[in-house]
Amino acid sequence: MSVGALFACLLVLPVLAYIVGQQRALRMGLMLGGIYRLHSLPFYYGMMAAIYCGVPALVLAGLWLLVGDSVNVSVLLSHVPDSWSNLTDSERALLLNTVKNVAAGQSIVGQPDDIVQVADLYRGVVSRSHAVSVIVLLTMAVCGFAWGVFSIKPEQPARLQVELVGRIFLVACACVAILTTVGIVVSVLFESLRFFKVVSWWQFLFGLDWSPQIAMRADQAGSSGAFGAVPLFAGTLLISMIAMLVAVPAGLMSAIYLSEYANSELRRWMKPLLELLAGIPTVVYGFFAALTVAPFIREIGESMGMVVSSESALAAGLVMGVMIIPFISSLSDDVINAVPQAMRDGSYALGATQAETIINVIIPAALPGIVGGVLLAVSRAIGETMIVVMAAGMSAKLTANPLEAVTTVTVQIASLLVGDQEFDSAKTLAAFALGLVLFVVTLLFNVIALRIVRKYREQYE
Amino acid sequence: MSSGDYHKQTRDLVKNSLARRYRKEKIFRSLGLLSVLFGIACVLVLFGDIGSKGIGAFENTWIKLDVKLDPVALGVNESPTTEELQHANYDAVIKEALWSRFPDATTRADKKALFSLVSSSAGDSIRRLLLKEPVKLGQTLPVWVLADDELDTFFKKIHQLRLPESERSITDKQVVWIEQWISAGQMEKRFNRLFFEVGDSREPEQAGIRSALTGSVLTLMVTLCLSLPIGVAAAVYLEEFAAKNRFTDFIEVNINNLAAVPSIIFGLLGLAVFIGLFGMVRSVPLVGGLVLTFMTLPTIIISSRAAIKSVPPSIREAALGIGASQMQVVSQHVIPLAMPGILTGAIIGMARALGETAPLLMIGMVAFIVDIPHGITDPSTVLPVQIYLWADSSERAFVEKTSAAIIVLLAFLVVMNAAAVWLRNRLERRW
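Residue numbers (this note's numbering), protein chains in the order written: chain S, 14 to 474; chain R, 10 to 440.
Worth double-checking, as some hints may not be accurate.
To be verified - Chain S stretches covered by chain R per the calculated footprint, using a threshold of three residues with CB under 8 Å from any CB of chain R:
{"#": "1", "stretch": "18-31"}
{"#": "2", "stretch": "199-212"}
{"#": "3", "stretch": "336-342"}
Claimed, not checked - In the DSSO-like style, the derived pairs of lysine-lysine whose C-alpha atoms are separated by at most 30 Å in a straight line are:
{"#": "4", "chain 1": "R", "residue 1": "Lys-182", "chain 2": "R", "residue 2": "Lys-198"}
{"#": "5", "chain 1": "S", "residue 1": "Lys-468", "chain 2": "R", "residue 2": "Lys-198"}
{"#": "6", "chain 1": "R", "residue 1": "Lys-198", "chain 2": "R", "residue 2": "Lys-145"}
{"#": "7", "chain 1": "R", "residue 1": "Lys-141", "chain 2": "R", "residue 2": "Lys-166"}
{"#": "8", "chain 1": "S", "residue 1": "Lys-284", "chain 2": "R", "residue 2": "Lys-253"}
{"#": "9", "chain 1": "R", "residue 1": "Lys-120", "chain 2": "R", "residue 2": "Lys-145"}
{"#": "10", "chain 1": "S", "residue 1": "Lys-468", "chain 2": "R", "residue 2": "Lys-253"}
{"#": "11", "chain 1": "R", "residue 1": "Lys-35", "chain 2": "S", "residue 2": "Lys-284"}
{"#": "12", "chain 1": "R", "residue 1": "Lys-182", "chain 2": "R", "residue 2": "Lys-166"}
{"#": "13", "chain 1": "R", "residue 1": "Lys-104", "chain 2": "R", "residue 2": "Lys-182"}
{"#": "14", "chain 1": "R", "residue 1": "Lys-77", "chain 2": "R", "residue 2": "Lys-165"}
{"#": "15", "chain 1": "S", "residue 1": "Lys-210", "chain 2": "S", "residue 2": "Lys-440"}
{"#": "16", "chain 1": "R", "residue 1": "Lys-33", "chain 2": "R", "residue 2": "Lys-17"}
{"#": "17", "chain 1": "R", "residue 1": "Lys-104", "chain 2": "R", "residue 2": "Lys-141"}
{"#": "18", "chain 1": "S", "residue 1": "Lys-284", "chain 2": "R", "residue 2": "Lys-166"}
Claimed, not checked - What follows is a list of derived Cβ distance ranges for each label pair:
{"#": "19", "chain 1": "S", "residue 1": "Met-356", "chain 2": "R", "residue 2": "Arg-433", "range": "45 to 53 Å"}
{"#": "20", "chain 1": "R", "residue 1": "Arg-202", "chain 2": "S", "residue 2": "Leu-380", "range": "51 to 59 Å"}
{"#": "21", "chain 1": "S", "residue 1": "Gly-314", "chain 2": "R", "residue 2": "Ser-178", "range": "22 to 30 Å"}
{"#": "22", "chain 1": "R", "residue 1": "Lys-35", "chain 2": "S", "residue 2": "Asn-414", "range": "31 to 39 Å"}
{"#": "23", "chain 1": "S", "residue 1": "Gly-314", "chain 2": "R", "residue 2": "Asn-254", "range": "57 to 65 Å"}
{"#": "24", "chain 1": "R", "residue 1": "Val-184", "chain 2": "S", "residue 2": "Gln-216", "range": "53 to 61 Å"}
{"#": "25", "chain 1": "S", "residue 1": "Gln-174", "chain 2": "R", "residue 2": "Gly-332", "range": "16 to 24 Å"}
{"#": "26", "chain 1": "S", "residue 1": "Leu-258", "chain 2": "R", "residue 2": "Gln-337", "range": "51 to 59 Å"}
{"#": "27", "chain 1": "S", "residue 1": "Leu-202", "chain 2": "R", "residue 2": "Arg-202", "range": "47 to 55 Å"}
{"#": "28", "chain 1": "S", "residue 1": "Leu-258", "chain 2": "R", "residue 2": "Asn-254", "range": "38 to 46 Å"}
{"#": "29", "chain 1": "S", "residue 1": "Met-356", "chain 2": "R", "residue 2": "Gly-332", "range": "12 to 20 Å"}
{"#": "30", "chain 1": "S", "residue 1": "Leu-380", "chain 2": "R", "residue 2": "Gln-18", "range": "28 to 36 Å"}
{"#": "31", "chain 1": "S", "residue 1": "Gly-359", "chain 2": "R", "residue 2": "Gln-18", "range": "24 to 32 Å"}
These are calculated hints, taken from the structure and not from any lab test. None of these values were measured; they are calculated from a predicted model. Every residue gets a Cβ at the ideal spot worked out from N, C-alpha and C, and that includes glycine.
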């Protein structure tokens, strides 16, 4: 039975349970002299039966999807030949990967016999565990079906029970947000702590040399690697600053124009056009930056006799700035519109022109909100990945020259983690340490920004 | 000084400054307009640039060859089995056809240059033909075969001819052959169906977006199935059931912060938890969908809350007044009325998830995927990641493919956003 068919069964059975349960409750009620003799409407009895039938089986099936493969692997490892037991973890992981590929029917040709044997073993384990899970899940669903249907009694408080389940579901879903945050913090922190056992945090935060490509063998030259992240922070800062230099004036002025000057007709077609920029995926910006903007800048630079590298901070920063324009403009638009009309009217009554009103009255009044929006935008610029991955380059140079290639925190996270890597090398762990820094910094910006924005909003409400 | 003089002085002062102030006003205003126009110009340049680069990929070039299906050249006997036909030497008959078409290609280098004009998949077209009708063996048939990407690029931008030979990838000799083909009507452009029918390939002319598109659909399905119910339930709980206490505040702060966490962090979460802790397989839509679910949940929760909040309290009070339970009020009145707003938020969240790349790189969805995935546990990639991979490729013809894939991606996004706007305007009720 395929996974899809199994899930279909687990979805159809509860529907059947609902129908049967509801009909049964209906009949019971009629036998007693009318539906009103039942504690709840027949709908709730049906729902109860469906919950008994579907929820435990579906929860278990979901868990199996998550952990099933690692269970299979541990079963396999208890059956493999002895030669496996004295391998290191990473070697074993590599072998396992090959075994899985062979078992899936890829790259069979040219594999040694013992691998093929283990692959056969693995295939056996998988098919057995699959069979077991199908049997267990279907039995659970059928038992739940039977229990749900036969336990129906007229005096059973079905509605209250169903509503209780519903409420538990609601609370659980609301807690997913907390769980996500906890998951991020714990996973990133945990791996970072392992990293800081190898490299001191002092060296990481203040070291000036970044070359994480640790050699394959311990005796090779440069095997230690260097994990000083300052060049990455500098690169991130440089690109974010360029982006902000583009985005803040353009975004703020657009917001002012659209909310104060443009008539409703103009506003109606200009605003969506501008917001198109916010909907474009970052990978598209990255492509644009790398293939159109960077060569363009290079051409201009060279015609003026400057040395421009083919991947420059300027290209990435400019394009990132364009990406952030709608973000700043829509946030500023909101706060400018929140400034009470009375303040404008007061200023006009004193004879100020519109520009003077905006500069001397509206912007000061809206400043906290604008600052909050800019902080949110900075946090976005710092965390942006694809544009810099595609256009900023990989060289960890400590430079303030925007025409040179620089690298950023996000670029390094991506490049350290893309591809198959063993889980416990310092290289992989360094990415998590960078992730921790990124998370903490953006969190700080966000908390401050959200607080400022909220406080500001209360001021005029 | 009398007060009249004083007023007069002030009036003059104001009058004299008026021209300067109006000029300032004008400058300020035009700066605003300029900013808006700059933004719009960026949109237009971006779309124009990608459109002009990518439009060509929707056509590909085909060459008509008179292929003699000679059993000897193919290396099969007179009545071959299907198995033999599968593995026959089709390149040999194509070479034969090319060399008899242009007898002037005599040297080894010339022959090689001629053969390189045809895609390496050309043999497949003949194989398909023969497998369908084995009786054609031994006959000479006109067959349209796919051209190589270099020829394809050259044919679409024929003005390259003006460049010196060293600056183009097609040599002068090859140009002569191409011109003969063109003048004989044996070369034509067709709509590139292949692009939508096949997966990735190392050869640009044989590469398509089908596998990436399927991967995107599967990933988004997982995301939608998880994030919509969970998001709506969380929003309902926070708006309708939760007491105002510190716990609720904490959830709220969490959601707002998660909405602003960089997407790459969610990739780290997915890598550490799903792949590191649970030992799930890399590069499958299931894991990708889970990661994107965490990423889109805040968006969906926030927009669902706004939609639920906009349902007037009188509806709730009326339902409660005639004896409905709180759960009944929510499920039978509030949610149906808030549905357009919730769906709008969900579509916008899905559009964001569709364009997301960075977290999926972390969990290994950057593999080279030729086969079209069939389920959420098959290795696959998604459209934005395919774009990233192609953009990274050194083959020049992939620029066109990348742009075309971007056009497809943007088309999907435009449709989704248009649907969201339509839903909002059409179904949302103003109370």
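Hint-by-hint comparison with the structure:
1. 18-31: violated (count 0)
2. 199-212: holds (count 4)
3. 336-342: It holds: at least three residues are needed, and the stretch 336-342 of chain S offers 3 whose Cβ sits within less than 8 Å of chain R.
4. R/Lys-182 x R/Lys-198: Satisfied, since the Cα-Cα distance of roughly 22 Å is no more than 30 Å.
5. S/Lys-468 x R/Lys-198: 62 Å, violated
6. R/Lys-198 x R/Lys-145: 26 Å, holds
7. R/Lys-141 x R/Lys-166: Not satisfied, since the Cα-Cα distance of roughly 36 Å exceeds 30 Å.
8. S/Lys-284 x R/Lys-253: Distance ~37 Å between S/Lys-284 and R/Lys-253 Cα, so the pair is violated.
9. R/Lys-120 x R/Lys-145: 27 Å, holds
10. S/Lys-468 x R/Lys-253: 19 Å, holds
11. R/Lys-35 x S/Lys-284: 22 Å, holds
12. R/Lys-182 x R/Lys-166: Holds. R/Lys-182 to R/Lys-166 sits at ~17 Å (cutoff 30 Å).
13. R/Lys-104 x R/Lys-182: Holds - the C-alpha atoms of R/Lys-182 and R/Lys-104 are around 17 Å apart, at most 30 Å.
14. R/Lys-77 x R/Lys-165: 29 Å, holds
15. S/Lys-210 x S/Lys-440: 13 Å, holds
16. R/Lys-33 x R/Lys-17: This hinted pair holds, its Cα atoms lying about 24 Å apart.
17. R/Lys-104 x R/Lys-141: Given pair R/Lys-104, R/Lys-141 holds - Cα atoms ~22 Å apart, limit 30 Å.
18. S/Lys-284 x R/Lys-166: Violated, at roughly 37 Å.
19. S/Met-356 x R/Arg-433: 45 to 53 Å: 31 Å, violated
20. R/Arg-202 x S/Leu-380: 51 to 59 Å: 57 Å, holds
21. S/Gly-314 x R/Ser-178: 22 to 30 Å: 27 Å, holds
22. R/Lys-35 x S/Asn-414: 31 to 39 Å: 38 Å, holds
23. S/Gly-314 x R/Asn-254: 57 to 65 Å: This hint holds: roughly 59 Å between Cβ atoms.
24. R/Val-184 x S/Gln-216: 53 to 61 Å: Holds, since R/Val-184 and S/Gln-216 (Cβ atoms, about 60 Å apart) stay within the stated range.
25. S/Gln-174 x R/Gly-332: 16 to 24 Å: 19 Å, holds
26. S/Leu-258 x R/Gln-337: 51 to 59 Å: 55 Å, holds
27. S/Leu-202 x R/Arg-202: 47 to 55 Å: Hint holds: Cβ distance 51 Å, inside 47 to 55 Å.
28. S/Leu-258 x R/Asn-254: 38 to 46 Å: Because 44 Å falls inside the window, the suggested range holds.
29. S/Met-356 x R/Gly-332: 12 to 20 Å: 49 Å, violated
30. S/Leu-380 x R/Gln-18: 28 to 36 Å: Because 35 Å falls inside the window, the suggested range holds.
31. S/Gly-359 x R/Gln-18: 24 to 32 Å: 25 Å, holds
Checked against the numbered hints given earlier, the structure breaks hints 1, 5, 7, 8, 18, 19, 29 and satisfies all the rest.
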